[in-house]
Structure formats: structure tokens, C-alpha cells
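*Asks:* Using the hints provided, position chain B relative to the given structure of chain A.
From first to last, the protein sequence lines are chains A and B.
The UniProt record's numbering puts the first residue of the first sequence at 1, with every later residue one more than the last.
The UniProt record's numbering puts the first residue of the second sequence at 1, with every later residue one more than the last.
If you're looking for bench data, these hints aren't it; they were derived computationally from the structure.
One or more of the hints may lead you astray.
What the hints assert, rightly or not - Output of the computed footprint for chain A on chain B, the stretches with three or more beta carbons under 8 Å from beta carbons of chain A:
no. : segment
1   : 60 to 71
2   : 81 to 93
3   : 96 to 102
Said to hold, decoys possible - Simulated restraints, written as ranges between beta carbons of each label pair:
no. : chain 1 : residue 1 : chain 2 : residue 2 : range
4   : B       : His-189   : A       : Ala-289   : 50 to 58 Å
5   : B       : Lys-116   : A       : Asp-213   : 47 to 55 Å
6   : B       : Glu-179   : A       : Met-285   : 45 to 53 Å
7   : A       : Thr-274   : B       : Ile-192   : 18 to 26 Å
These numbers were taken from a predicted model, which means no experiment stands behind them.
Virtual Cβ for every residue (Gly too), placed ideally from N, Cα, C.
Next come the chains, spelled out residue by residue.
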Amino acid sequence: MSMYIAKSRLSYIHTNIHRTQEIVCSQIQLFNMTPKILSKDICGRSWNTARCYILDPFVSLACRKTKSEVKLLGAWPSPFVMRARIALNIKSVSYEFLEETFQPKSPLLLDSNPVYKKVPVLINQDKPICESLIIVQYVDDVWSSGPSILPSEPYDRAIARFWATYLDDKWYPTLRSVRGAKGEDDRKKLITEVGEGLTLLEDALNKTSRGKDFFGGDQIGYLDIAFGCFLGWLRVTESLTGVKLLDQVKTPCLVKWAERFCAHGAVKDVMPQTEKLVEFAKMLMAKMAASTPN
Amino acid sequence: MEGDSVKLLGFWGSPAVLRVKWALAVKGIEYQYVEEDLSNKSDMLLKYNPVYKKVPVLVHQGKPLAESLLILEYIDETWKQNPLLPHSPYERAQARFWSKFVDDKCMPTVVAAFSKVGEEQQKAAEEARENLKRLEVGLEGKRFFGGDNIGFVDIAIGWLPYWIGIAEEVVAINLIDAESMPKLNSWFHAFIDIPIIKELLPPRHKLLPHTKAFLQA
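So that you can see chain A by itself, here it is in the shape it has in the complex (with noise of 0.2 Å):
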């Protein structure tokens, strides 16, 4: 009801803008916005004037709610982007998904993440947040009613990080660059290093479950977040291969977690069809392929 009415007023206030310029001012900072945002988040129109704060009591608290809005920045394919949403989805946050175009990185993405201008920004009542385990945890942290996403004892939050922290450092890099391996013999040997990666991650389920559907136990946690993202990948890289990574006899655990895992709400939306994933991987091959020099 009172976006309807900020929106009118606001309406109002833009088609009488000189004498609106003429009311405003030493005013209280409205939530420090500013009227490019004003205009674009409720009224959709540019307000060409110089910075007028306004004291109205709907626009002030449709500004606040706008103010409060949670935005994802991310890119489709990312899995990065995937543990982002993911942990939203499991805290029941609302967000306002934003589809980053990349040629050229947009000017939000170089505002909000310029040391190293990459997917997903979480930006929360206009704060950014960069990097994607951080971002987990910073939703486990705000949205602490929801369920939670860490462990609760220190030392099984520490394994969850640890391993988080391996498949990022070390088993993600591996299984990438088994798509641009050259020859068959450095194939095969990445290849072989992935799947000694499954058999950690296989025991560590089996150690962090204790039995249970997860590496968080009932439910999906951190560490089911930080390695489920990449299993559209895992698939890709098995399908371009013909080599099963995750399989029944080596990792029988991690086969059985990865159903339940694509199959649970809080991911089953977010997760990119293996597909679609694979069409876009040989599109970037052929780039990478006509971009090298021969």
C-alpha cells in the first residue's frame, strides 16, 4: 500500500519538480538515497535534478523497504554464484537476482567488487559482500533465526571450512583444467587427481554425516553447499570426457548425497541443467580455441 502511495506522490513531486527543488534540502539525509536510485527503484523515471533529499512520510518508508532490499550479482553458469543463492534460499531470503552481462563488466560489478571484479556480490542495504564462502557465511550470520548453515561446534565448523577450502584451492582448479589438458597423458593424470580428491570427500562425508543425508547431517550445510555447486561441472567434465568421476563403486556415498543434494528445494531451482552447462563450456573451448595464437 505505501510503495502505491510513494509512487503517486512521487509522481507528483516529479512533474512539479521546481517547486519540490524549492522544499527541500537542509532535511534529514533520506537513508543517505540518492534520487537515481529513488527514481529508478519506485518511480522508474530519471530525475534530472541536482540531489534533493525529501521529507515525505510513504516515500521515506518505501525507500526504507527498497533500502533493505537484498541483491545477488552473478552469472548463471558460476557455481560460485549457485552457493550464494543456495544459502539464501535455505534462509528463505528474498532477492533480486541480477544476471551480470560481462562484456563489459558492469559498472556495478566494478563498484562493488573492484579488487578482483568477479561474480557473485552479494549487496545487502548497499553493502557488498565478494567471495562466495564468504558470502555463506555472512548470510548464516545476518539471517541467524533461519536454519543453520555452519556447524554449530567449533571443530566441525573448522573441517567444513577446511574442506571448502580444499575444493576451492585445490580439487576445483584440478577438475577445470582437465577440460584444457594437453594430451591425453596429462588428461588422464588430472583425471586421476580428481578422483583421489572424491576419495577424501568420500571419507569426509562419511566422517561429517554421521550417518546422515548430509555432510551437515539432516540438513544441507556449508560444506554440502561448497562442493554441491560443483557438481553441473563435475557432470560437464565427465560427459566431454567419458570418464564417471563420481561413481558407484569408488564413491558410493557421494553418488547417493549428490541425488539427494540436486534433488533438495533450497537447490533444485538454482541448479543449471548439465545441458545447457555442457553447450556453454564448448562455446568457451571454441573462444579459447580461435583466441590462442598457433
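*Replies:* Here is chain B on its own, set in the frame of chain A:
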């Protein structure tokens, strides 16, 4: 306290181990320190850290943990006195971000600046300086990254300027100077002056030849 034993497997010249020593000192935790010979790793190290086979490894109540930044978080969560991480979720995210940034971006470019030659070295040094300059964002209006007192980020990254200072004696490149990075420079001097920090630093006379060997390898 019985059953609360803390053991730290380390190496005197390791910055990652130093972080853990600083964290344990800030929390006032007593522990048994075991010096590892990295050219001949002990069975205990290989058992406790089979994935990476590296130091530091913290063993608490018989349970081992590896990876220094994770160990820092564990220490902070287990012993509540003198908190290392800030209270607010956003500030905590920032602390984790800057600590990881130093490991992932700063350190490789700093090492490259000191180990490469010619044009590659110049380029690496430029990148290293850019990365170091970025850290000043975290110091805005504060004496330490943790505020009035040292916190997680200070302990996580405080080793870097010390190591850079020593490497600058081996290779004639200046990365941190008072003019271009005033905040970082004054932060470092304030940090290194704190008694519990200073007394745990590896001595310069040992670290200098060690760093020389590392860079020239």
C-alpha cells in the same frame, strides 16, 4: 586443564605458524610447541595433515586442524576472551575478505616482485604495490584493522610487512614506503611494537639468510 591440551606443530620461519602463535598469545593459551624439520617431516605431521603435509597444525584435545586462517577462526570460537573477529556480520565478512586477499593476491605478487628480474620484476612490483595499497581501505579511520586493538586481520597479515622489510635487504626493491602508503606504514610500526607481537617475531639474523635462500631458489 586436563584433556584440554593444545599442541602446535610449526616451523620457526613460517609466517602461517606465526599467525597461530600470535593468536594463542592474544588469547593467553598455553600450548606445547613442536618444531618440525620440514626437510624430514615427522610421522606426527604426516598423520595430522595428510592432505597438505604442512605446518601449522593445531592439535586440541587430540583433534588436529590445518590451514592457518581456519585455525585462527577455531581459536577465536573456542576461547572467547579477547575476541579476534569483530561482532557485526558485515565487519566479519570484511575481516575474512582482507585476510584471504593477502594470501591469495598480495603474497604471490610480493614474492614475484622479489624473485623475478628485469621488466617482469618491475611489473610484479607495481602489482604488489597496488595490492598493498588496497589494504589501506581496511584501515580507514582506525589505528589497527581491528579498531583500537589488534584483531583477526592484524594477526593474519601483520607478518607481511615484516617479511617485506627483510626481503628488501636481499633484493633492492621498495614496496611499502611512508609516502605512498602512510596508513599501512604507521599501522605496521604500531603493530610490531606491541610486546606480545614483537617477542614472537623470528629474529632478523636468522630470517635474513633463510629468506635469501628462499628467494634465490
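*Asks:* All the hints need checking, so say for each whether the structure fits it.
*Replies:* Hint by hint, here is what the structure shows:
As drawn, the segment 60 to 71 of chain B meets chain A at 7 residues by the rule of a beta-carbon pair under 8 Å; at three or more, the given contact holds. Figure legend: the segment 81 to 93 of chain B, annotated as covered by chain A; annotation consistent (4 residues with Cβ-Cβ distances under 8 Å, at least 3 required). Remark: the segment 96 to 102 of chain B is confirmed as covered by chain A, as 4 of its residues place a Cβ nearer than 8 Å to a Cβ of that chain, reaching the required three. Under the hint 50 to 58 Å, the C-beta atoms of His-189 (chain B) and Ala-289 (chain A), about 52 Å apart, fit the expected range.
With their beta carbons about 50 Å apart, Lys-116 (chain B) and Asp-213 (chain A) fall inside the hinted range of 47 to 55 Å. Remark: the range hint 45 to 53 Å for Glu-179 (chain B) to Met-285 (chain A) is upheld by a beta-carbon distance near 47 Å. A hinted range of 18 to 26 Å for the beta carbons of Thr-274 (chain A) and Ile-192 (chain B) is inconsistent with their spacing of about 53 Å.
The structure fails hint 7 only (numbered hints given earlier).
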